[in-house]
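Keeping their order, the protein sequence lines are chains A and B. Its first residue numbered 10, the first sequence is counted upward by one per residue in the numbering used here. Its first residue numbered 10, the second sequence is counted upward by one per residue in the numbering used here.
Don't read these hints as lab results, they were simulated from the structure. Values in this document were obtained by computation on a predicted structure and should not be read as measured data. Don't be surprised by glycine CBs; every beta carbon is placed ideally from N, CA and C. Among these hints, one or two may not hold up.
To be verified - Restraint-style ranges between C-beta atoms, simulated for each label pair:
1) A:T27 <-> B:P121: 25 to 31 Å
2) B:D203 <-> A:T27: 53 to 59 Å
3) B:A147 <-> A:E135: 15 to 21 Å
Claimed, not checked - Result set (DSSO-like, lysine-lysine): computed pairs, CA atoms no more than 30 Å apart in a straight line:
4) A:K161 <-> B:K52
5) A:K187 <-> A:K242
6) B:K65 <-> B:K21
7) B:K21 <-> B:K52
8) A:K161 <-> B:K51
9) B:K65 <-> A:K52
10) B:K119 <-> A:K52
11) A:K52 <-> B:K52
12) B:K161 <-> A:K52
13) A:K51 <-> B:K52
14) A:K187 <-> B:K161
15) A:K51 <-> A:K119
16) B:K51 <-> B:K187
17) A:K21 <-> B:K52
18) B:K51 <-> A:K65
19) B:K52 <-> B:K161
20) B:K161 <-> A:K39
21) B:K187 <-> A:K161
22) A:K161 <-> B:K39
23) A:K52 <-> B:K51
24) A:K51 <-> B:K161
25) A:K119 <-> A:K65
26) B:K39 <-> B:K242
27) B:K51 <-> A:K119
28) B:K65 <-> A:K51
29) B:K21 <-> B:K51
30) B:K21 <-> A:K52
31) A:K52 <-> A:K161
32) A:K51 <-> B:K51
33) A:K119 <-> A:K232
34) A:K119 <-> A:K21
35) B:K21 <-> A:K161
36) A:K65 <-> B:K52
37) A:K119 <-> B:K52
38) B:K161 <-> B:K65
39) B:K21 <-> B:K232
40) A:K21 <-> B:K161
Listed below, chain by chain, are the residues.
Protein chains: 2
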Amino acid sequence: MQTLNILKIGGKLIDDLTALAPVLEAFLQKPGYKILVHGGGKKASELSTRLDVPVKMVEGRRITDADSLEVAVMVYAGLFNKQIVALLQSLGANALGLSGADGNVILAHKRPVKEIDYGWVGDVDEVDTAAIGRLLRADFLPVFCAITHDGKGQLLNTNADTIASRLATGLAADWQVKLYLCLDKNGVLRDAEDNDSLIPHLNEALYAQLNSEGAVHSGMIPKLDNAFAALSKGVAEVIICGPETLLNGGTLLSL
Amino acid sequence: MQTLNILKIGGKLIDDLTALAPVLEAFLQKPGYKILVHGGGKKASELSTRLDVPVKMVEGRRITDADSLEVAVMVYAGLFNKQIVALLQSLGANALGLSGADGNVILAHKRPVKEIDYGWVGDVDEVDTAAIGRLLRADFLPVFCAITHDGKGQLLNTNADTIASRLATGLAADWQVKLYLCLDKNGVLRDAEDNDSLIPHLNEALYAQLNSEGAVHSGMIPKLDNAFAALSKGVAEVIICGPETLLNGGTLLSL
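The following block holds chain A by itself, in its conformation from the complex:
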C-alpha cells in the first residue's frame, strides 16, 4: 500500500500564515500522498464579534445558529481554505480546497436534538473514500475545511478532528495512513508547561497509567482517545506533534 499522510492543523497556526508556511513546507517533505485538514482559529470568533453575532452557549456547549454557520462557512470554507490552498500552490503542491459538499465527499446529518439542540452541527455519516482516492491519484492535495453538508442543501459545521480521523480510518483500507495531529505544543507532554517533557512514544498501557495518575491534560484526553481509536481501526501511525516537531519528532502513538 502507498503512504498517505494526513495532517490536521488548528489553533494559532491558522491565524498566522507566516507561521504556517514552514509547517506546510515540512509536511510537503514527507514522502507519499498528502491530505490537509484545517480547523478554525480565532478569526471566526473575531468575525462573529465584529458582526454582532453572539456566541451562543448552552450548558457550556457551543451552539451553531444560522448566523454562526454563515460565519463558519465564510471563514473556514472561504478565507482560511483559500489562503491555505494559495499558500500550498506557491510551495509547488497542487492543493484543491474541499468542503464535504464539494464532490459530495463528506455526507453528514444535523446532530439530533436530545438535551441540547446544537444547531447546524453535522455528525459525519459517510466519507467517499473512492472519490478522494481519485483526486489523490490525479495529483491533487485535498485541503479539507470543517464544513460538511446533508445532501439536501444544508451546510453543517463539523469538528475538524472528527473529519481528520474519519478520513484516516476511511482511507486506511486502501492506504498506509499516517495521521499527524499538529497542536501548539511539541506533542504529548509529561508537564503541559514544559515543551521539553515530550513523551516520544505513547502506547495504550502508558496512556492508561498516565490517565490514572491524572497526568494527562483534560483537553488532550478526547484527542488521544480518538487517536487510539483510529489506530484500532487500521490507521498505521498517529503522531501528535507541534509546528517544530512535525518533520522529525512529536509523540508516536501505538496500541
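Position chain B against the provided structure of chain A, taking the given hints into account.
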C-alpha cells in the same frame, strides 16, 4: 465534440437561494457537460458595511484593498460557492467548488498600476483547460467563484464575466461550448424596461445598427462586446438570458 454548457449567474439570483433553485434545475436539464460561474451579489457589499470596510472608489472605479479582498474571498469563495455547491448536490449534480487557486486552474496577476491602482484585482493569465477537462470527465460539475491567485500565494478578485468567457474560449478547442449569460432581464431587449421586447437573435450587423442608434443599454455593451469576442474565438453559442428564459429562450448571438 461533446457539448459543454457554461452558465454565468450573478446579480439578484445569487442573493436568493429560493429563486436560484429553479434556475439551476433548468440548467441541469440541458444535455451535455456543465460548468457554473457565479459572481457576487449584494451580500459582499452588505458584509463590508457591517464590518465597516469602506467601499473605495477612485475615478468611479472600485478598488480592492486588503480588507475588501478578505470580504470577497469569504463571501464568494466561502458562502456563495458552498451554498450553490450544496444546492446543486441536493439536485443530484456532483458539484465541486473552485477558486482559481484550487488545482491552480486559473492563474492571474495583479493588475499593473497605471493611472489607477485597483488593488488586489487579478487579470487572468492562464486557464488550465486540461485539468478542468479531467474534472468534467470525472463526473464533477465545477462551480467557479470569481477569486483567482497569482501562484505566489496571493488571492485576487477577478471579474466573473471575464472568468466565464476565458473558460468558454479556453475550452472551445476541445468542446462544443454553449455559454449562457444569465442576467436579471429575459435577454437583450429593444426596450430595457419591457421584458417582452426581447430580441431572439442578435448578429453583429444588428448589434452595430442598434449601437449606432444608441439603443443598447450602456451596462450591456461590454457584456455583448465580450460575447461576440467569445464567438469569434470558437465558442459555439452565446445566449443572453434571464432566470425564466434560460431553458428555452433568451437572445442567441451569432457573428
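Outcome of the hint check:
no.: 1; hint: A:T27 <-> B:P121: 25 to 31 Å; in the structure: holds (27 Å)
no.: 2; hint: B:D203 <-> A:T27: 53 to 59 Å; in the structure: holds (56 Å)
no.: 3; hint: B:A147 <-> A:E135: 15 to 21 Å; in the structure: holds (19 Å)
no.: 4; hint: A:K161 <-> B:K52; in the structure: holds (23 Å)
no.: 5; hint: A:K187 <-> A:K242; in the structure: holds (13 Å)
no.: 6; hint: B:K65 <-> B:K21; in the structure: holds (22 Å)
no.: 7; hint: B:K21 <-> B:K52; in the structure: holds (10 Å)
no.: 8; hint: A:K161 <-> B:K51; in the structure: holds (25 Å)
no.: 9; hint: B:K65 <-> A:K52; in the structure: holds (24 Å)
no.: 10; hint: B:K119 <-> A:K52; in the structure: holds (26 Å)
no.: 11; hint: A:K52 <-> B:K52; in the structure: holds (19 Å)
no.: 12; hint: B:K161 <-> A:K52; in the structure: holds (23 Å)
no.: 13; hint: A:K51 <-> B:K52; in the structure: holds (23 Å)
no.: 14; hint: A:K187 <-> B:K161; in the structure: holds (29 Å)
no.: 15; hint: A:K51 <-> A:K119; in the structure: holds (24 Å)
no.: 16; hint: B:K51 <-> B:K187; in the structure: holds (27 Å)
no.: 17; hint: A:K21 <-> B:K52; in the structure: holds (29 Å)
no.: 18; hint: B:K51 <-> A:K65; in the structure: holds (27 Å)
no.: 19; hint: B:K52 <-> B:K161; in the structure: holds (28 Å)
no.: 20; hint: B:K161 <-> A:K39; in the structure: holds (22 Å)
no.: 21; hint: B:K187 <-> A:K161; in the structure: holds (29 Å)
no.: 22; hint: A:K161 <-> B:K39; in the structure: holds (22 Å)
no.: 23; hint: A:K52 <-> B:K51; in the structure: holds (23 Å)
no.: 24; hint: A:K51 <-> B:K161; in the structure: holds (25 Å)
no.: 25; hint: A:K119 <-> A:K65; in the structure: holds (17 Å)
no.: 26; hint: B:K39 <-> B:K242; in the structure: holds (23 Å)
no.: 27; hint: B:K51 <-> A:K119; in the structure: holds (29 Å)
no.: 28; hint: B:K65 <-> A:K51; in the structure: holds (27 Å)
no.: 29; hint: B:K21 <-> B:K51; in the structure: holds (8 Å)
no.: 30; hint: B:K21 <-> A:K52; in the structure: holds (29 Å)
no.: 31; hint: A:K52 <-> A:K161; in the structure: holds (28 Å)
no.: 32; hint: A:K51 <-> B:K51; in the structure: holds (26 Å)
no.: 33; hint: A:K119 <-> A:K232; in the structure: holds (22 Å)
no.: 34; hint: A:K119 <-> A:K21; in the structure: holds (28 Å)
no.: 35; hint: B:K21 <-> A:K161; in the structure: holds (23 Å)
no.: 36; hint: A:K65 <-> B:K52; in the structure: holds (24 Å)
no.: 37; hint: A:K119 <-> B:K52; in the structure: holds (26 Å)
no.: 38; hint: B:K161 <-> B:K65; in the structure: holds (25 Å)
no.: 39; hint: B:K21 <-> B:K232; in the structure: holds (17 Å)
no.: 40; hint: A:K21 <-> B:K161; in the structure: holds (23 Å)
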